[in-house]
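Listed below are the residues making up each chain.
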Amino acid sequence: MFGTAVIVFREVLEAALIIGIVAAATRDVPNNRRWISAGVILGLLGAMILAGFTDKISELASGMGQELFNALILIMAVFMLAWHNIWMASHGKELAANARNVGKAIKDGVKECSILLTVVGFAVLREGSETVLFLYGIATSDQVEVFSMLLGGAIGVAAGVAVGYTLYKGLLRIPMRWFFSATSILVLLLAAGMASQAAGYLIQSDLIPSLASPLWDTSETLPEKSVLGILLHSLIGYDARPAGMQLVFYVVTLVTISIGMKLTNNQPNKNKLQVAA
Amino acid sequence: MRFITFILFCFLSVQCFAAETNYTIVLQNHRFNPANTTVPAGKKVKLLVINKDASIDEFHSDDLGVEKIISGNSKAIINIGPLKPGSYSFMGEFNAKTAQGIIIAK
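Just so you know, the sequences run in chain order A and B. Residues in the first sequence are numbered from 731 upward in steps of one, following the numbering used here. Residues in the second sequence are numbered from 53 upward in steps of one, following the numbering used here.
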């Protein structure tokens, strides 16, 4: 039971942390909860469908279908998070300040919500399909401890959701003047971590070289299986034994999004001046 | 250019991977056989993992940074390396009690 709980917890936690951060970052977006719920439900449906097509996907690209599919989903999520961060950097503060301009807020809100839906949906899809396969395997096995293992699965899901919710609640307590910086830094690190994971899958599919593998080894000091290791892996993309190429993806994503944020951050000031004039 | 041609070739040809496979590991009764596989260090290696169980499992290794779902009664190619000399553990995550193995790079 304990083993099952841990496996499911790891999968659920990753998605739950992503949802927690994204939910907090979009707290001023109208109807954000409804969009997040829709993302979770679509993600779960997708995960079940995806689980059913595992064999078909595996056979694609000469047996590298799983790797390429995961890499693709991750890269799309990275673009969505980048878009969110760069867009929020220019409009987020205005949105919070000018609540009067309802029309614009809703228009921007819809744009933001489609990102929200996609990121949440992808997170659930990716982590969920594995969990579905795992639990389905248990449910249909002839082992005697089926019930206790499924109970373990339920505990894992509950624990993962609880941690994600705690993070969300914690983020909401950050004072307003630091809130945007705090959440955009978290989203930035999340995106970089996902890019590094995508690189991992591309290396596994043998499409790109690993460069150095591993670049460093901190598996003794901070194992990825430890609670802290799991948390850091989900939040900032910590890897105890990363390939050199993963670091390249990480840094390039980090720098690119940061530059994008810097560039757009100067825009609203100009706009405001024009409006004032 | 030759590299790109090779990649394209691989995409078009299932044979490519079969021919390139260096090491075979069989998963049966939720155990890996052989449990220890020695591979050359500093080289890319392809593992052919054959799941002879009816149930699905996930080849998972934090040491190698690899995870791949393998359905019941099917096989999967896993690319690893180039590895530094040392031992790298892996498991069938869905049956981790018994499904354990080690890759030794020399």
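Heads up, a few of these hints could be off.
Some but not every residue of chain B turned toward chain A, in silico, with C-beta under 7 Å [what the hints assert, rightly or not]:
1) 90
2) 106
3) 107
4) 112
5) 114
6) 143
Below, simulated DSBU-like cross-link-like pairs (lysine-lysine); rule was C-alpha separation at most 35 Å, straight line [what the hints assert, rightly or not]:
7) A/786 - B/149
8) B/127 - B/98
9) A/786 - B/136
10) B/127 - B/96
In case anyone wonders, no lab produced these hints; they're calculated from the structure. All residues carry an ideal CB built from backbone N, CA and C; glycine is no exception.
Evaluated hints:
no.: 1; hint: 90; verdict: violated (18 Å)
no.: 2; hint: 106; verdict: violated (9 Å)
no.: 3; hint: 107; verdict: holds (5 Å)
no.: 4; hint: 112; verdict: violated (9 Å)
no.: 5; hint: 114; verdict: holds (5 Å)
no.: 6; hint: 143; verdict: violated (11 Å)
no.: 7; hint: A/786 - B/149; verdict: holds (28 Å)
no.: 8; hint: B/127 - B/98; verdict: holds (13 Å)
no.: 9; hint: A/786 - B/136; verdict: holds (34 Å)
no.: 10; hint: B/127 - B/96; verdict: holds (19 Å)
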